[in-house]
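Produce the complete structure using the sequences and hints provided.
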Amino acid sequence: MSAIAPPATADTAPPTPDYSEYKLVPARHPWRWVGTVLVAAGVAAIAWSLVTNPRWEWGVVAEWFTAQSVVNGLIETLKLTAISGVLGFVLGFILALMRLSASPLLVSVSWTFSWIFRSTPLLVQLLLWYNLGYLYEKISLGIPFTDVRFFEAQTTTLISQFAAAVLGLTLNQAAYSAEIIRGGILSVDQGQLEAASALGIPAWKRSTRIVLPQAMRAILPNAFNEIIGLVKGTSIVYVLAYSELFYTVQVIYNRTQQVLPLLLVATLWYVVITSVLSVFQYYIERHFSKGALRTLPLTPLQRARKFFTTHVAATPTKDAR
Amino acid sequence: MSIIAARKESTPTAHVADEPHAEASAGDSAGTAPVATRGQVDITNVRKSFGATEVLKGVSLSVPPGGVAVIVGPSGSGKSTLLRTINHLEKVDGGYITIDGELVGYEVRGNKLHELREKDILKQRTNIGMVFQSFNLFPHLTALENVIEAPIVAQKRSKAEARKRGLELLDRVGLKDRADAYPRQLSGGQQQRVAIARALALDPKILLFDEPTSALDPELVNEVLDVIRELAKSGTTLIVVTHEMGFARDVADTVVFMDQGQIVESGTPQDIFANPREERTRSFFSKVIEPAFNI
Ligand SMILES: Nc1ncnc2c1ncn2[C@@H]1O[C@H](COP(=O)(O)OP(=O)(O)O)[C@@H](O)[C@H]1O
Ligand SMILES: [Mg+2]
Numbered sequence: 001m002s003a004i005a006p007p008a009t010a011d012t013a014p015p016t017p018d019y020s021e022y023k024l025v026p027a028r029h030p031w032r033w034v035g036t037v038l039v040a041a042g043v044a045a046i047a048w049s050l051v052t053n054p055r056w057e058w059g060v061v062a063e064w065f066t067a068q069s070v071v072n073g074l075i076e077t078l079k080l081t082a083i084s085g086v087l088g089f090v091l092g093f094i095l096a097l098m099r100l101s102a103s104p105l106l107v108s109v110s111w112t113f114s115w116i117f118r119s120t121p122l123l124v125q126l127l128l129w130y131n132l133g134y135l136y137e138k139i140s141l142g143i144p145f146t147d148v149r150f151f152e153a154q155t156t157t158l159i160s161q162f163a164a165a166v167l168g169l170t171l172n173q174a175a176y177s178a179e180i181i182r183g184g185i186l187s188v189d190q191g192q193l194e195a196a197s198a199l200g201i202p203a204w205k206r207s208t209r210i211v212l213p214q215a216m217r218a219i220l221p222n223a224f225n226e227i228i229g230l231v232k233g234t235s236i237v238y239v240l241a242y243s244e245l246f247y248t249v250q251v252i253y254n255r256t257q258q259v260l261p262l263l264l265v266a267t268l269w270y271v272v273i274t275s276v277l278s279v280f281q282y283y284i285e286r287h288f289s290k291g292a293l294r295t296l297p298l299t300p301l302q303r304a305r306k307f308f309t310t311h312v313a314a315t316p317t318k319d320a321r
Numbered sequence: 322m323s324i325i326a327a328r329k330e331s332t333p334t335a336h337v338a339d340e341p342h343a344e345a346s347a348g349d350s351a352g353t354a355p356v357a358t359r360g361q362v363d364i365t366n367v368r369k370s371f372g373a374t375e376v377l378k379g380v381s382l383s384v385p386p387g388g389v390a391v392i393v394g395p396s397g398s399g400k401s402t403l404l405r406t407i408n409h410l411e412k413v414d415g416g417y418i419t420i421d422g423e424l425v426g427y428e429v430r431g432n433k434l435h436e437l438r439e440k441d442i443l444k445q446r447t448n449i450g451m452v453f454q455s456f457n458l459f460p461h462l463t464a465l466e467n468v469i470e471a472p473i474v475a476q477k478r479s480k481a482e483a484r485k486r487g488l489e490l491l492d493r494v495g496l497k498d499r500a501d502a503y504p505r506q507l508s509g510g511q512q513q514r515v516a517i518a519r520a521l522a523l524d525p526k527i528l529l530f531d532e533p534t535s536a537l538d539p540e541l542v543n544e545v546l547d548v549i550r551e552l553a554k555s556g557t558t559l560i561v562v563t564h565e566m567g568f569a570r571d572v573a574d575t576v577v578f579m580d581q582g583q584i585v586e587s588g589t590p591q592d593i594f595a596n597p598r599e600e601r602t603r604s605f606f607s608k609v610i611e612p613a614f615n616i
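Residue numbers (my numbering), protein chains in the order written: chain F, 1 to 321; chain C, 322 to 616.
Among these hints, one or two may not hold up.
As the list claims (entries may be wrong) - Away from chain F, derived, C-beta distances all over 10 Å, residues of chain C:
hint	residue
1	370
2	395
3	402
4	433
5	434
6	437
7	447
8	463
9	474
10	488
11	505
12	535
13	551
14	589
15	607
To be verified - Result set (BS3-like, lysine-lysine): computed pairs, CA atoms no more than 25 Å apart in a straight line:
hint	chain 1	residue 1	chain 2	residue 2
16	C	444	F	205
17	C	378	C	433
18	F	79	F	232
19	F	205	C	485
20	C	477	C	444
21	C	485	C	554
22	F	205	C	378
23	F	205	F	290
24	C	440	F	205
25	C	444	C	497
26	C	480	F	205
27	C	485	C	497
28	C	497	C	554
29	C	444	C	433
30	C	440	C	477
31	C	412	C	444
32	F	290	C	480
33	C	497	F	290
34	C	433	F	205
35	C	485	F	290
No lab work stands behind these hints: they were computed from the structure. Idealized CB from N, CA, C, for every residue including glycine.
Below, the structure is given as structure tokens:
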């Protein structure tokens with residue numbers, strides 16, 4: 001008890017010194033600077049070896065980087081990514097809602113779908129779709145067990161390399177995105193749905209206007225992971241001899257024997273796509289963090305501008321205003 | 322089995338007669354003549370079980386149009402469950418509820434009550450506003466967007482009209498200048514006032530409050546209670562679950578004491594607080610009121 005200091009009152013406490021004229025100095029981080037220097041040295045060493053080692057054959061890389069055939073392959077890669085990415089996530093959203101619904105039938109259909117497509121190798125799926133004509137010669141739409149047919153076609157004409165690629169990538173992507181979206185939806189507080197139904201908001205609008213925008217915060221980082229994976233994942237369709245980016249450079253280096261430089265061409269393009277996607281990711285995530293943070297952090301652009309106005313351009317601008 | 326129906330037919334007229342002109346001069350949006358003609362709630366012998374435990378054991382209660390019923394009782398006595406059956410967020414296992422004579426959640430076909438389709442239930446819910454203990458504002462929408470969401474989506478009102486009305490309502494709860502703030506940028510009391518404005522936006526006949534101040538810091542309780550007091554004069558039927566006994570005493574026409582899934586007794590605040598008939602009521606109040614009044 002006696003250890004506790006008596007309460008400070010006006011007549012016993014010593015007068016507090018006046019600090020009002022003192023300047024505030026933020027804490028310094030010397031080790032950050034040491035770390036930065038070490039990392040910079042490492043990066044410089046690697047860059048130096050890349051530039052000076054002639055075996056990288058940068059001339060060949062530059063020559064093929066924008067060649068027509070490579071650009072065509074790039075466009076095919078982007079097309080496959082965009083189509084199977086969008087279709088995969090739309091289907092995944094529907095599968096996620098099915099999985100979370102009250103209907104045991106929908107739940108088991110959705111569960112089985114994910115189970116099948118996550119447990120078979122994508123390579124096998126692609127080859128299976130492409131060789132569907134071997135299993136089923138014709139595809140027809142009609143009344144089962146009768147001769148009535150509304151539509152009938154040879155399977156091989158229906159399932160091109162492109163169709164097999166899109167089908168395989170989409171269904172596989174849907175199985176994975178369903179789980180990502182379901183996880184996002186589960187992260188939203190149950191009270192949100194309750195409040196929305198108490199307000200008479202219909203089920204579909206509850207999902208799309210109340211739950212999904214909040215779930216997006218949890219969904220987006222994983223979704224971009226998936227899309228970036230998909231960009232490179234499309235290279236697997238080379239097994240169908242589909243001329244996307246990776247298959248194209250393979251064809252070229254088989255002819256010219258410049259294996260490493262051409263792999264570098266493909267790699268650099270994948271890096272470019274991924275970098276662009278990362279920028280999109282930053283701004284889309286920022287958009288959906290609306291309301292989740294009390295104040296949004298500055299974007300890199302805004303930060304640069306602030307740095308410039310406070311540090312580089314000094315006071316004169318103030319007078320100009 | 323002690324089922325006590327709290328029917329007080331005379332309340333609305335008496336209530337309105339208290340302040341015949343104060344309302345009109347205040348320019349209240351509730352209307353010129355606050356003679357409540359809608360919002361009669363009749364709960365008849367409602368039962369509800371979760372698994373093996375019966376949470377509501379035959380509850381009956383009537384609240385006249387414009388009446389203010391305050392439900393008190395120990396935690397776990399079924400107050401929230403009862404409130405949630407009134408807008409069919411919770412399905413009853415027995416008994417029925419009507420609002421202005423219309424069955425909630427069911428329709429009569431032959432001699433059976435068939436549950437309504439989702440669409441019709443949602444439509445009924447637009448007549449019943451609900452305010453939750455944990456606010457449940459939509460965090461990705463601003464205060465104003467929270468208020469206008471249901472009028473636009475559920476009632477198909479035009480955006481301009483909804484905005485105009487939304488701003489009026491935010492003004493009414495004293496938050497017009499925070500219309501563009503997100504819920505996380507508001508204090509608890511402010512959030513709950515936005516939630517009240519959101520419930521009012523559908524122009525409901527009835528407002529349900531489930532412990533609206535229990536999640537608030539003590540100094541924020543009154544700003545929310547003041548808004549509810551104001552509403553009590555407007556002719557909307559209010560059913561409020563609360564632990565604020567002072568508020569119940571001031572505002573309620575009827576105080577309902579619930580315990581273990583039953584209404585133990587109900588009556589005017591004077592009856593219930595000063596002369597409780599049942600031992601259970603007396604012992605509850607001795608725990609709740611006295612500490613509060615000794616401070
Ligand atoms: N969804 C539910 N599932 C199971 N039990 C529940 C559920 N909701 C409420 N209960 C139980 O019902 C009883 C009454 O709960 P509630 O109506 O919330 O009481 P109060 O609001 O009076 O504190 C409690 O024992 C609670 O545990
Ligand atoms: Mg409760």
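Evaluation of the provided hints:
no. : hint          : verdict
1   : 370           : holds (19 Å)
2   : 395           : holds (23 Å)
3   : 402           : holds (13 Å)
4   : 433           : holds (23 Å)
5   : 434           : holds (21 Å)
6   : 437           : holds (13 Å)
7   : 447           : violated (4 Å)
8   : 463           : violated (8 Å)
9   : 474           : violated (5 Å)
10  : 488           : holds (18 Å)
11  : 505           : violated (6 Å)
12  : 535           : holds (14 Å)
13  : 551           : holds (21 Å)
14  : 589           : holds (30 Å)
15  : 607           : holds (34 Å)
16  : C/444 / F/205 : holds (14 Å)
17  : C/378 / C/433 : holds (22 Å)
18  : F/79 / F/232  : holds (13 Å)
19  : F/205 / C/485 : holds (23 Å)
20  : C/477 / C/444 : holds (12 Å)
21  : C/485 / C/554 : holds (23 Å)
22  : F/205 / C/378 : violated (35 Å)
23  : F/205 / F/290 : holds (19 Å)
24  : C/440 / F/205 : holds (12 Å)
25  : C/444 / C/497 : violated (28 Å)
26  : C/480 / F/205 : holds (16 Å)
27  : C/485 / C/497 : holds (11 Å)
28  : C/497 / C/554 : holds (21 Å)
29  : C/444 / C/433 : holds (21 Å)
30  : C/440 / C/477 : holds (14 Å)
31  : C/412 / C/444 : holds (16 Å)
32  : F/290 / C/480 : holds (21 Å)
33  : C/497 / F/290 : holds (21 Å)
34  : C/433 / F/205 : violated (32 Å)
35  : C/485 / F/290 : holds (24 Å)
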